[in-house]
Each structure stands twice: as structure tokens, then as C-alpha cells.
Amino acid sequence: MGDILGLIAKRLGLGLVILFVISIIIFFMVELLPGDIAQAVLGQGATEENVAALRKEMGLDKPAPVRYLEWLGGAVTFDFGNSIVTDEKVTTLIGERFKNTLFLASYAAVIAVPLAIILGIIVALLRNSIFDRVVNVATLTSISSPEFFLGYILILYFAVNWGMFPAISSLSEDMTMWELLNRTFLPALTLVLVVTAHMMRMTRAAIINLLASPYIEMARLKGAPPWKVIVKHALPNAWAPIINVVALNLAYLITGVVLVEVVFVYPGIGQALVDAVSKRDFPVVQACCLIFAGTFILLNLAADVGAILTNPRLRHPK
Amino acid sequence: MVKSNEVLLEIKDLQIQGFSEERWVDIIKGVDLTLHKGEVMGLIGESGAGKSTIGAAAMGYARDGTRISGGSIEFDGMELTTATEEEKRSLRGSRIAYVAQSAAASFNPAHKLIDQHTEAPLQYRLKKRTEAQEDAVELYRQLRLPNPEEIGFRYPHQVSGGQLQRAMTAMAMSCRPDLIIFDEPTTALDVTTQIEVLAAIRDIVDQYNTAAIYITHDLAVVAQMADTIKVLLKGEEVEEAETKEMLDNPKEDYTKSLWAVRSFKRSQKERPKDGVPLISVKNVDAAYTGGQKVLDDVSFDIYEGMTVAVVGESGSGKSTTARVITGLLPPMNGEVQFKGEALPPDYRNRTKDQLRQAQMIYQMADTALNPKVQISEIIGRPAQFYQGLRGSALKSRVDELLDMIELEPSHFYNRYPPELSGGQKQRIGIARALAAEPTFIICDEVTSALDQLVAEGILRLLDRLQKELNLAYMFITHDLATVRAIADEVVVMQHGKVVEQGPKEQMFTPPHHPYTDLLLSSVPEMDPDWLTTLLEERGVDNVGDAASAQIDTDASKVGGSKQGAQQESGG
Amino acid sequence: MNFFVIGYYALLLGASCLAAYMNRRAIFLLLFSLTLVSFILGIIGGVAALRAVTIAAGLLALAGMVAYGFREFLVQLSEGNVGRPLRESGGVFLIILLILAALAFASNSFDWGLAEIFVAIGVLLLIIVPLSPETAKELRRAPLTATFGLFVIFTYIVAGIFSSVIAPHGEAEVIASAFAPADDTMLLGADQLGRDIFSRLIYGTRNSVGLALAATVAAFILGAVAGLLAATKGGWFDQLMGRVADVIMSIPSLIFALLMLSIFGPSIPVIIGAVAIIYAPRVFRLTRAVAGNVVVMDYIEAAKLRGEGTWYLIRKEILPNSTAPLVAEFGLEFCFVFLLVAGLSFLGLGIQPPTADWGSMVRENATLISFGDITPLIPAAAIALLTVAVNFVVDWMLHRSSGLKE
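Residue numbers (my numbering), protein chains in the order written: chain A, 1 to 318; chain B, 319 to 889; chain C, 890 to 1295.
Be a bit skeptical, because a hint or two may be false.
Cβ-Cβ distance ranges computed for the label pairs, FRET-style [said to hold, decoys possible]:
no. : chain 1 : residue 1 : chain 2 : residue 2 : range
1   : B       : Thr607    : C       : Val1159   : 39 to 49 Å
2   : C       : Gln1128   : A       : Leu298    : 24 to 34 Å
3   : C       : Leu1287   : B       : Gly388    : 27 to 37 Å
4   : B       : Glu726    : C       : Ser978    : 50 to 60 Å
Derived lysine-lysine pairs resembling PhoX-like cross-links, with alpha carbons at most 20 Å apart [unchecked claim]:
no. : chain 1 : residue 1 : chain 2 : residue 2
5   : A       : Lys228    : B       : Lys446
6   : B       : Lys330    : B       : Lys406
7   : B       : Lys690    : C       : Lys1026
8   : A       : Lys232    : B       : Lys785
9   : A       : Lys228    : B       : Lys445
10  : B       : Lys587    : B       : Lys446
Because the hints were derived from the structure by calculation, they are not lab data.
All residues carry an ideal CB built from backbone N, CA and C; glycine is no exception.
Could you build all of it, start to finish, from the sequences and the hints given here?
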């Protein structure tokens, strides 16, 4: 068991290092601005005194490494400073939105993950049949469509033409769970369509790869019935690839969510990021980027740890 | 051996098709096979002959991408081609069992050996779990596995290759089937390990009077195992006969060519009395980055115009020695000298002329030639690179080289490697080495991927070239027949050490170093009684891994002294 | 029940019976399950749903026929071995291409109005090069989806090169009132500023696809060169590049792009640069893996031991043996980049107005969707169609190079 703990510890350490490097990239990229933040905020017309005053106020007179450490120290306690545009605390600006985004992503994941894995396994078992080919074309089409295309098509049919779901996902405090699920159904469905297609293709590839192993043929030649081949011989070895597929696609959800939130005017962190980018509100941009990157790294980390934990060779060392 | 006349398996006019390039092509074109109860039949042929496919078909099984398209397979009165999937499945594991080539890949990594062993008996409700486990231990004991009581409770990756192969044979035996298909069970093993697996398989098949189909490409192995032999070529039967009859009196030309013992022999050359060795490996230690030492104090000399064969099993360090000589792997200690002068350890620091002197010919001609480059350029490039030949001078040099390797220049000049046969590719590899005008060539298992007759042609060619161009060869091989044919001197390696070296005659006459002895005796011979005789002579505990483990402890002592003596006489 | 419905079911059932009779199991299954699905659709959606199915089936059949025809066309050309003189001319061909490029550039700067012609000749020559009897053999076995993809790509190339000839109105020309409906001069109506949507759609081909293509090429050159060098050189360079790729790939691509755009502002060079940095690591990994498989071959060892330099190894030994997967990877990367750039421009961070661009066209006219108008979705569909087409071709190439391992 020591082996396994060592490997996991190593992987966790690597994740931390990468997160650290990324925080450096995110922070110092802003330093690459022509001029500096104060200049960028006030624009060309600002007088020297005004710029200098703002610099002082934002603490820009300190050297960059010191500011980085301060920023990092704040980030660890979820304090990302104040927005340049509204002067509100960044945490209050994006805190609630982050929760909303997490809700939307989990909504989509809860539907997509089981659906995609089951369909992926079915398609793998029926490989090279006509059903497989049709599904192949359908999933390829789905992953080739931009998220906003799928989103607007859903709006056009489900909201405008048939009036089954609202086109805009405005949220309020006093909604019942049912209302909430109903209002966020279309954005969730958009994400489900994209992610399911990806996940199905990857599950199919992983399972087919597995079914080609000599030990599966051996199980068949030992006279094991088909269900037993799958349940007893394929599944225990399939966890690692499946966990990988799921984590990879949840990570993909994170990016997809940005565009979907904009399409459905959903009050999430992606929407906030896009607004901040166009207003050049750097503290908010930095905070959002760090949160997205952190989640992404966490998911990849979970996938690798899962793969280590389910690997029989590592669980039973020599 | 009790052999009845009762037919167990009867295959008639079997036809199997494979799916390739979007259409079905015939891979088995009408093969008949009759197997009696308790009979062992050897299926033999080159790769692509369809041996494995027939083996699977005997269980009514068609691999993915193949289909049984005609003929009949009758097992003990049951027609398998028309049987339902359910009926066929009830035979598998219980009455017909299968032993695969790679036991390491064919055991499920997620389950313990004994759980996989007892799967079939439990499923067919032949035994209770504890009974089945006791039976497994008993079979492990009969197959001479170490620690039979507890080895089954390990996972596949915790057990060595030779032991896994025996565990798989035990698993096949778990329901005491009437028929076992052995699909190249020892091909992936070393010769010393192979022998104990062979012995174990033979004993157990004899003991339970199980019929077997033994698939292999190794004639000497099949001669030990089978009662009858069937020779296949490209999905068709060439001939079938009793083993003795087949060995003594083959009828078809193709069979004769397989059986042909190497007729090629050449006289052994002596070292020049006083001369500097062309290549001298001096006290070399080497390791791959971060790994264990793979070469330990290796020293030997190669003189001009002579052939030194380096023999040993996989992992003995023979190929690593070649990498040290060519400079691909700089040694940790020691050096390689060329005509008395030390070569820079890393090939990147060697001069063009130093690089030119030592060339290599590879085992797999497929990976040794760039498939996207024309033959003329493959051969021409070294001539252009080292001698600066261009235009018509280059063309005439390429023609000359193609002549030298006995290929018609105009016919091969513009072709690409994938269009050539294995033997032709190997010849192109030789021509590329010659184009550099070297004095020394390393031949890394150059004949082991080729058929007998083709291999002999290559050996003759190499010998002729040696005489004409006064080349020195370092011949890396595990095939002792090749060594007998072509070597002047022999170096035996084990676990990265040279255990014995000397002139060929001396090496092939006793007394041997114990490891050389083991190695020499473990190579199967074309005599059907070879295994029986050997086991009688040495005893079952004195072959294979057990024997090699015994040697290990005193190897350095004996090897060291003999090697020292050799060096004194040489220097 | 009207004649349409009766005919519909009669045709479907007849066709499935015919398929069953001819022993075409797959086709039968497909047709018969369509029949069953039609029952349900007919009950829920009535005749309209069945009509929709018919139209979809008709479109599919049309696409199939186009693909079939295009495949035959390409096969005929390949059999004729039209590409042979170009392949054998070697350097001359390169010089011709360079001259054409120079002419196109000059034509563009001096306003001769011939730039399109020169570019078209150049592209045509490039397309012809791979046409050989071997290609014909491959094409004959190609699935219809792949040739359909090739046909779509071909159409986009034509539309891209000749946009100024095809488009009836100027790119930023205001010719009507805002959101004016379609009429004789405007095929698809006007956008929010009164510009012709059809013309902007055509111009968008050049801008959107061109930008994505340029960005992909940049990412590909960066990643492939690094990957090839890492594979041949190995050692610390390989390690370092691997780590850098790890770090960049652990930031989600869209987020990284947004970060860079927020700092440097949305402009074409910034977009190309950002995309190159984001996607180069993916190309690097693949190239490294592909070249890594080639580097272990004995012929590479032979060349190294001969004393050949790195450049010779890459050019002569490694590249010719990794073209197939690299070309497929280029297609795949193009899809990713194209979707990313489209996403950015949809967010208003792509090519800036008034230049026509598909992503921003969707955003600008999105309000029309709430009136049930599908016009704003046409640019999005154009994006999806090209991506699907490229994916179909890539799918075929990957399948071909992997052989039939399944």
C-alpha cells in the first residue's frame, strides 16, 4: 500500500506545483500590459497626477513580486481584492455566481455522465453495426457544433416555437427546486449534448481497446457467458479509463459553461469573466481564471488518483 | 500412452475468411484434420500459415474480424459450425480448453490466479470452491510450480513468465478437458525456461491422456510434443504424418526445406599469432540511465577477418554490448579500442572515419529500412555521405553493391522496402552496411526472423563477403546452429557477464562452464526423444530456472577463472 | 390519412421488405426501425413531423449523392494521375507557388483585381499534387461521409477565395433598413445595421476560416518543430518542453485565451498568437508521440550511427514516416481552433467590426431568434458544417492509418 500512497502524494504535489506556476502566469501576464493597470484603467486622456494617485491607491508603487505574494496570500483565503470598475470586493461579485455555475455544471453532469457511459458501452458492444455508424455520425456532428449553435437551436424550438422552457435563465432567491430545474433546463441540455457526445466517443474507444485484450478472449474461451465477460473480466479493468473519460469531460464542461452562460444570460462566473474581460477589470479576470484553472487541475488530479487507485498492479505490489 | 482409435475431433474442408481492406479474403482454404482421443497433433508453419486460426476454430470460435465460411467441425459427435452459441460455449473450458501464447497478457490482471483457475469448474458446477482450490494446488504441484500452496493466491503480475505459462496449463486442466489447444505456449520464453514448461506440459497431457493440438513454428519443439505433425502453408495443408515418419522421410519439398539441417559449414579460423585486435572491448561496465548495471566487466577481442559469436538469453547483455561498441550507450567504466586506440565512448564524438569502420545489420529488416525511401537511396546514402560519390559514380557504386548481394540492380534500383521479401530486405541491409566500406560489422540476430533456407542463403552471402572483403563480424545470436555454422570464436554471456569464451571447437566440446552446459543442453534438437533423454540424464530438477538459479551463485568464480585463462592465452 | 402519409409508409415498408429479401440486414434494420419511429412521430407531431422526416431523408440522400459523385470525380482524376508532373517537378513546383504568391500579393497591393485568380491557381495546384493511382485506390474505399467532407471543404475554399466575386454587395455596405426582410436583392435579408447578410456570410468564409487557418498553422509549426526536435534530441530539451506543455495544457483553452485577450486587446495578431500558444502544446504532444515511435526504429539508429545531423534525420527519416498522423492531427487541431475562435468572436472578442465574421454575426442578430427567425443561425450552421466536414475527413484518415485493429 505504501507504493500507492507515495504515488498519490507525488501526483498531489505535482498538482500543487502546477497550480502555483499557473498563479504566477496569471498574475505576471497582467504585468505585461503596455504601461500599467492604472494607465489602462484611466485611458489616454488622464493626467499624470491622477494616474500616480491611482497607482498609490492600488499599491502599484510596490515591486511586482511583493504584490504577487500579497495577491497569492489573499487568493488562498478567497480574497481577490477589489474590482477596478465597481470597486466592490471581487469575492462578493463572483461568490454567488460561482455557486450558480457549479449548479449548472453538476446539473449537466448528473444527466450526461451515466447516459454517456451506458450509451458508450452499448455502442462499443455493437461496434461496426449500422447503429454504431449512425451514432458515430451523430456524435461527430454534435461535437463539431459550437455551443452557441446548439444553444440557440434549443431556444428556437423549445422556447420560441413550442414554449416548453424559458429562453432566459433568470434566477431568484425564492424559487422552488422544480422551477430552478425548469429554468436551467435548456442551458443544461446544451452542455449535456456536447459533453455526452465527447464522453460516448471516448468511452467507446476505451471499451473497444479493453475488449481486444487477450485476457478477454481467454475468458470467452473458458466458456464464460457474455454478461460475465463484461462484468467480471472487463469492468474491473475499465474503471481507470472510464474515470479518466469522466474527469476529462467534466473539465471540458468548465470551458463550455462560459459560452452557454452568455447564450442563456445565466448569472454564472463565465458571464462575469466575459464582462470583466471586455471592461478590462483585471482583478476579476485574474480571480475567475484562477478559479477555472484550479477546478480544471483538480479534476485532472482526481482522474489520475482514481486511475492509480483502481490499477490492480499498483494495488497489489510485488 | 494409451491411444484409441476413437475420433475426438474431425475437421473437414474448413474454410475461414478474414476481413481486410474492406472485404473478406480467404485465410484458411479447405483444411482437413482428424484427431483421436489422447492424441497430440502438432500444427506447424510460418506466421500467416493460419495455425492459430485453425486452433481457435477447433473450439468453434472465430476471432474478431474472421468468420468460418465453409466446411464442418465435428467434436465428439457435435457439429460446431451449426451449433448455437450457447452449445458451443458449454464446451469451452469444460471439454475443450485453450492455452495462449502470452500468459502474462491472457491472465486478467484484476483477479488472483486461483480465482481465474476455479472460474470454469465453478461455472459448470463440477466442484465446490474449496474442492476446486485444492485441485488447483494439486495441479500446480504436478506442474512443478514453486510454492504450489500459495502461488495461486498471487496476482498475475506477481509471477514470472515461465510460471504463468504453467499456471495457464493448470487452468486449462481444471475441468479435465478432452482436448487442449496450445497456441505457441513457449514462444515468448527463453530456452532454459522453455524446457521446463515443455516437460511440465508433456507430463500432464500424458498423465490425463488428454488430446492436444500443439501450435508452434519451432520444429524441434513440436518433435518433442506431438504424435503426429501437420504442416501448413498459407492456409493450406502441405502434408501430415506421424512425427517419426515426418522427420525421417518428409515427402513434400516445402517440408524438406523446413527439415533441412544447416548444410552450411565453414572451417574455423585461428587468431593471427601477433597482431593488434581490430576491436577490443576492455572491462566494460554499463547501465541505462537510472537503471541497474546491465554489463559487468565485459572483455573480449575481435580480430580482423574473423567471426565472433556472442550468445546468451534475453537480458544477458548481448545487444547492450553492441550498443556500447557502436557508441550508442557510453560505458560507465572501461573502453572500446579500435586497432589499439580507444574510441570516444559516445558516437557523437567519433569522427566520420571511425563511424564508417563499424556498421550494423539488424534483426528486423522491416524496421531497419526506411519504408519511404527508395532502395537506391538507402544504399547510396552511405557512399555519398562517406566517400562523397555523386551522379554516375554513385549510381555505378550502387549497382556494384546490389551485384555483391546478388540482387539484379535494374530490378531493385527504384523500389521501396515494403515491396521486397524478408530475405531481400535483409540483403539490402547488408548492402547498406557494405556501402560504408567498413572493416567490422555487427550482425544482431540477422537470421532469426527468416525461414531456414533464406537464413542459410544470408549466412553464405555473409561468409563470401567476409572472404572477399576481409571483414570482421560480431554475431549476436541465441541460435546455436548458426553459431556452429559461422563462428570462429564464441563468447557466452549471462546476466551481463561473460561466463566463458574461446575458439568454437573448444566451446562445443566438454567440459563446459555450467551455464554454457545448461544453454547448450536446453536448445531443443530435431530428435523426438531428445527431451526424454535429457530429462533422464539430468533429472527434472536440473533443467530450466532451477538449474540456472543454482549456477548463478558460483558463476563469477568459475567464469572469472576461465575467462582469465583465456585472456592470458590470447594476449 | 392523406396520400402523403399512405405513400410515406408504403415506400418505407416496401423498401424494408426489399432490403430483407435481398438479405441486406443492416439496411433493413435501419429502414424498419425508421418505420417504427415514424409511428410514434406521426402520433405526436402529425403529418408535419412525417414531412420533416421526409425532408431530412431527402437532404441526406442528396448529400449522399453529392458525396458519391464527388468521390467518382476524384477517383477519375486520380486514375488519370494528374498530379504526377507536379510531384516529379520537385523544386520547380515550389518556385511556381512562390511566384503565384508574389503575384497575388502584388495584385492585392496595386489593385489589379487579379489576386483571386492567382490564389485560386495556387490552391488548385496544391490540391492536384496528391492525386495519384494510389490515392484512387484509397478513395474508392473511402466512406461517403469522408468524400462529403471533402466536397464541403472544396466548396468553402471556392467561397473563400472568390468571396468578392460571389457576394452581391460589399462587406460593410449599408443597403437597407435594419433587419429588413429578404427580397430580390437580399437573399437572406439585412442585419441590425442594414447590411446584406448573405454577402457578409460569403465574406465571413474568408475572414473566419482564414483566421482559424492562420492560427492553426502557427500553432502547428510551433508545436511540430518542438515535438520533432524533442523526439530526435531527447534529454533535457525533451523534458523541459514536456513540462512547459503540461503547464499550458492545465489551463482551459478558452479561459487562457480570454486572459490574453483581456490584456492585449482583441486584434488579429493577438488572436493568432494566443491560439498558437494554447494549441502548440497539444500538437507538440502528438508530434512527440508519433516521432517517438519512429525514432526507435533501427533505420534511425543506422542513420545516427552514420553521423547524420538532426536536420537530415527529421527531414529524410522521421517526417516521411509521420505525415499521415500529422495531417490528420492538423485537421483535428483546425476544428478545435475554429470552434475556439468562433466562440471568442461570439463573445465579441474576435475580429472586430465592421469586418464580417461568423461568430459575431450570430451575436449581433441573436435578437431575431426570439421572433422565430432562423437567419442568425445560418453563420453558426456554416461553422458547424465545416467542422463536421473536416471531422469526417479526419475520421477516415485516422481509421485508415490505424488499420482495422478493431
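Going through the hints against the structure:
no.	hint	result
1	B:Thr607 / C:Val1159: 39 to 49 Å	holds, 42 Å
2	C:Gln1128 / A:Leu298: 24 to 34 Å	holds, 25 Å
3	C:Leu1287 / B:Gly388: 27 to 37 Å	holds, 34 Å
4	B:Glu726 / C:Ser978: 50 to 60 Å	violated, 30 Å
5	A:Lys228 / B:Lys446	holds, 19 Å
6	B:Lys330 / B:Lys406	holds, 18 Å
7	B:Lys690 / C:Lys1026	holds, 18 Å
8	A:Lys232 / B:Lys785	violated, 62 Å
9	A:Lys228 / B:Lys445	holds, 19 Å
10	B:Lys587 / B:Lys446	violated, 67 Å
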